[in-house]
Amino acid sequence: AATSCSDFVAREVAARLGFDAPITTVANGIDLVQADGADRRASFDLRAAIGVGAQTVVVLFAGRFEPRKGSALLCDLVPELLTRRAVHFVVIGDDLFGLAAEQLATRCAVAPLAGALHLLGRRSLADVRSAMRQADVILLPSRWENAPYTMLEAMAAGRPLVVSRVGGIPEMVGDGEEALIAADQDSTAHLAAVELLLDDRELARRLGGAARERVARDFSAERMAARSVEIYQRVVEQAGPLSTRLS
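Residue 200 in my numbering sits at position 200 of the sequence shown, and the numbers go up by one each step.
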């Protein structure tokens, strides 16, 4: 039996590798009980870490700062956002190629900023999940994704999301339902979506709540485990008794 955690990858494997056997999608799952408990015990204070007050608006990118995760788009979008808005943009994650420190920070340094950029580097999973709960908007402008756990963590945090229409992401959220989805590599569309959520707090609240409900309904660890067990049982039944196969 073959499984994939997104329909997108199942289609790509069939088309690119000529794989003609059935592929069953088993969506990734997150342990919400464990995640919620760990997040609420975390002592990480995002606004204290960047030296701002409780009312300061924060937009967060959490993930590896590299091309597949949308580094080029971020280098265009962030300076523009911070020129137009007195918000604080936080990057948490490995700067694999020095792109955040060299390109993003340099471009922000020469722009007439109303807001500020903060590069916090790699943090623990507990810190990242805690930061997500405290952000006003989470931006994930990936150029390629399968079914990212970062999405599940952001959805579990119940915060409004702006994401790219790539890979398996549209299988996880609906545009205007659990997130705002922008076209791949379109920095103008991503920026417009972020600003819409900053201006329309009711929309932001509704999308964040819907994302939390969706992850609990469709992407729980229990659902993933149950679906996997169903497939294992089917394979065993189709194979027949072990004693028969060995004789």
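Note that these hints are calculated values from the structure, not bench results. Note that CB positions come from ideal geometry on N, CA and C, so glycine has one too. One should not assume that every hint holds.
[Said to hold, decoys possible] Across the chosen pairs, the derived CB separations fall in these ranges:
no.	residue 1	residue 2	range
1	Ala54	Glu12	16 to 24 Å
2	Leu125	Glu222	16 to 24 Å
3	Arg223	Ala109	16 to 24 Å
4	Glu237	Arg122	39 to 47 Å
Against the structure, the hints:
{"no.": "1", "hint": "Ala54 <-> Glu12: 16 to 24 Å", "result": "44 Å, violated"}
{"no.": "2", "hint": "Leu125 <-> Glu222: 16 to 24 Å", "result": "20 Å, holds"}
{"no.": "3", "hint": "Arg223 <-> Ala109: 16 to 24 Å", "result": "46 Å, violated"}
{"no.": "4", "hint": "Glu237 <-> Arg122: 39 to 47 Å", "result": "45 Å, holds"}
Hint violations for this structure: numbers 1, 3, all remaining hints satisfied.
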